[in-house]
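**Q** Residues in the sequence shown are numbered from 3 upward in steps of one, following my numbering.
It should be emphasised that the hints constitute simulated quantities derived from the structure, not laboratory data.
This one's a predicted model, so the numbers in the text were calculated from it and none came from an experiment.
Do not take every clue at face value.
Stated by the list, open to error - Straight-line alpha carbon distances no greater than 20 Å define the calculated EDC-like cross-link-like pairs of lysine to aspartate or glutamate that follow: (1) K80 - D227; (2) K81 - D227; (3) K130 - D245; (4) K197 - D227; (5) K244 - E157; (6) K61 - D245; (7) K61 - D232; (8) K80 - D232.
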Amino acid sequence: NSVHHTGRVCVTASEEDQVPMPVPPGKPAGKYVVLYDPLDGSTNIDVNVSIGTIFSIHKRVTKRSSPAGLADCLQAGKKQVAAGYILYGSSTMLVYTTGQGVHGFTLDPTIGEFLLSHPNITTPPVGKYYSVNESNWNRWTPPVQRVVGAFKNGEGKVQPKNARYIGSLVADFHRNLISGGIFLYPADTNHPQGKLRLLYEAGPLAFMVEQAGGRATDGCRSILDIVPADLHQHTPLVIGSKDDVAYAARVLSAEAVPVK
3 NSVHHTGRVC
13 VTASEEDQVP
23 MPVPPGKPAG
33 KYVVLYDPLD
43 GSTNIDVNVS
53 IGTIFSIHKR
63 VTKRSSPAGL
73 ADCLQAGKKQ
83 VAAGYILYGS
93 STMLVYTTGQ
103 GVHGFTLDPT
113 IGEFLLSHPN
123 ITTPPVGKYY
133 SVNESNWNRW
143 TPPVQRVVGA
153 FKNGEGKVQP
163 KNARYIGSLV
173 ADFHRNLISG
183 GIFLYPADTN
193 HPQGKLRLLY
203 EAGPLAFMVE
213 QAGGRATDGC
223 RSILDIVPAD
233 LHQHTPLVIG
243 SKDDVAYAAR
253 VLSAEAVPVK
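Input sequences plus hints: build the corresponding full structure.
**A** Below is the structure:
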């Protein structure tokens, strides 16, 4: 792992690793923890659909005199010092935050450098799109069905939206971040605790969307408030434009039904 040789990182953890990976003995250990999903949307590679890499950075909480490990990784999302993603598509983009807004950089292949193309990204409070895998409809609870139905057909003050679902979290999130929208991956009977990983997917994107003026919840609480108990903990995720997420959270929290 190349970041192990920078002298700034003490431990890394990935969706692909069963345990945290501390800096090898003999290498200088820094004060940062890097959590990442190396290839989000990997099933789309063969059909040339946009995929990405998601990363999250925390400060270590253990003493530098001791080996870094699991305790350094299991921190709430609100403790992040940076988060971002790289989107591989028609252009390659790096989008990140250090807690002072969200900024996007596009790779210029002629000079081999990322150039600032999207400074101070803010997501609209109400979005144009809803993004969800509707093939899971029959496995959802009635409150989830009500929320998706409202975004699809309209309900009260909720205006109907256009459906956009790529099946690559980074790509769906990026579109909604720029244009406004809501992405949902709720719990269902196949995944009662949700399917997305808290540390590698939901947490970093939640930090980003809130820095851009949006919101992220598991349906009952802010994603950034969840303290993980496990390196590969799963969570439901509702993320995007703040007013859209607020509506979904009101319905889901008021009508919460256990998924069995």
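**Q** Each of the hints needs a verdict: does it hold here or not?
**A** Against the structure, the hints:
1. Under the criterion of a C-alpha separation no larger than 20 Å, the hint pairing K80 with D227 is consistent with the structure, at around 6 Å.
2. Taken as a hint, the K81 and D227 pair is honoured in the structure, with Cα atoms around 9 Å apart against an allowance of 20 Å.
3. Among the hinted pairs, K130 with D245 is consistent with the structure: their alpha-carbon atoms are about 12 Å apart, no more than 20 Å.
4. The hinted pair formed by K197 and D227 meets the criterion: a straight-line CA distance of about 18 Å does not exceed 20 Å.
5. Proposed proximity of K244 and E157 is supported: the alpha carbons are some 17 Å apart, at most 20 Å.
6. Restraint check for K61 and D245: not satisfied, since their Cα atoms lie roughly 31 Å apart, outside the 20 Å limit.
7. As the CA atoms of K61 and D232 are separated by approximately 18 Å, the hinted pair is consistent with the 20 Å bound.
8. Using a Cα cut-off of 20 Å, the hinted pair K80 and D232 holds, with the two alpha carbons roughly 17 Å apart.
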